[in-house]
Amino acid sequence: MKKSRAALLWDLFITFFKIGAFTIGGGLAMLPIIEREIVDNKQYISKEEIVDAFAISQSLPGVIAINSAFYIGYRIAGIAGAVVTAIGVILPSFISILAIAILFDTVSGNVYVSKALTGIKAGVAGVIAVTVVRLGKSVIKDWFALILAVLAFAVTTWLDVSIVFIIAAGALAGYLYYQAGRVKRHDTD
Amino acid sequence: MILISLFLVFVKIGLIGFGGGYAILTIIQQELTQRGWIGQQEFADIAAISQITPGPIAVNAATYVGYRIAGFWGSLVATLGVSLPSFVLVILVAHFILKFKESRAVESCMKGIRPVTVAFIASAAIFFALESFVNLQAPLLVNWGPFAIFAGAILVAVFTKINVILIVLMSMVAGLILC
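Chain order of the listed sequences is A and B. For the record, in the first sequence the residue sitting at position 87 is 774 according to our numbering, with numbers rising by one throughout. For the record, in the second sequence the residue sitting at position 49 is 80 according to our numbering, with numbers rising by one throughout.
Okay, chain A solo, but in the shape it has when bound (with noise of 0.2 Å):
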């Protein structure tokens, strides 16, 4: 019984490593692997679960391919299979980027590097356009919506405010504007 559980976190442990290693790019992209990998391949857990795990790895703050590996691996087994899951996934970008880090300076000066780096921020720049008109239709459905988001650009941008202020001030105009308006709506009803 002993040793099947830790096969199970040792088997968690490796199928998070590998999707922590084949998705470049990170975040969203790595869903519908973990989705493969978890659902259809060792079937760990159902399809409905998943679709749980990713609206609440979405819904909270924090790294969404962290969040999912952790609520994945709490779910199969305990705070052991949570721990496991996360280090799964987050060590392949540690190693990479700490060889990154040690190497950099070398590499910096260097022309080529340079070029290419300043090619692959233009094409970002770019990849991130796109994503901002797509998710904003998805996000944004209505007029106090749209102002949320255009104002917050503005602050961001324009004026030297945290960023937790931000957060907390769209949190709070959601929750007055969607919620407490939703009840005093149905109050004079």
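Certain hints may be false.
What the hints assert, rightly or not - Calculated lysine-lysine pairs in the DSS-like style (CA-CA distance at most 30 Å, straight line):
#, chain 1, residue 1, chain 2, residue 2
1, B, Lys192, A, Lys824
2, A, Lys734, B, Lys192
3, B, Lys43, A, Lys705
4, A, Lys734, A, Lys824
5, B, Lys192, A, Lys705
6, A, Lys802, B, Lys192
7, A, Lys828, A, Lys734
8, A, Lys828, B, Lys192
9, A, Lys729, B, Lys192
10, A, Lys729, A, Lys705
11, A, Lys734, A, Lys705
I should point out that these hints are in silico values taken from the structure, not numbers from a laboratory. Note that the structure is predicted; figures quoted are calculated from it, not measured.
Mind docking chain B on chain A? Use the hints.
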């Protein structure tokens, strides 16, 4: 001492990092460059590298910046810091999952936070544009090579189904030729 403040700053980033990847990028950039822990350009470089290396961007940034500031232990402490809030929150939520999902109050707050994270992502796009082809001192002097890559990436992302990582790699090759 520096290890403790590194840890705490990354705990804070983990705690307020709503909206995933690109949104968290803006948060990390603000937290770190305001403290003078990393320059704008170096941050842009590491964020660019994160696009073509495995793993989540926030973990990559934590590892890199931690190493820059306090060596190996710095990178370990920063990575642990950014993960800790997730650990606590996910386990809490896993226990109260039904209440959390069904709470209208939570959903209302999330409806307010989501547009804000879209704004953060827009901010990240501007950050990369500033670091590659826009010059604020001379706005009319666009750097045409990177600008062409930017426009090309948008066209490819909108009109084809080519994977984002491939687009980034194509941009890298184009950078070697055009920049």
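Hint check results:
no. : hint                : verdict
1   : B:Lys192 - A:Lys824 : holds, 19 Å
2   : A:Lys734 - B:Lys192 : holds, 26 Å
3   : B:Lys43 - A:Lys705  : holds, 28 Å
4   : A:Lys734 - A:Lys824 : holds, 27 Å
5   : B:Lys192 - A:Lys705 : holds, 25 Å
6   : A:Lys802 - B:Lys192 : holds, 26 Å
7   : A:Lys828 - A:Lys734 : holds, 28 Å
8   : A:Lys828 - B:Lys192 : holds, 25 Å
9   : A:Lys729 - B:Lys192 : holds, 29 Å
10  : A:Lys729 - A:Lys705 : holds, 13 Å
11  : A:Lys734 - A:Lys705 : holds, 20 Å
The structure is consistent with each of the numbered hints, conforming to all of them.
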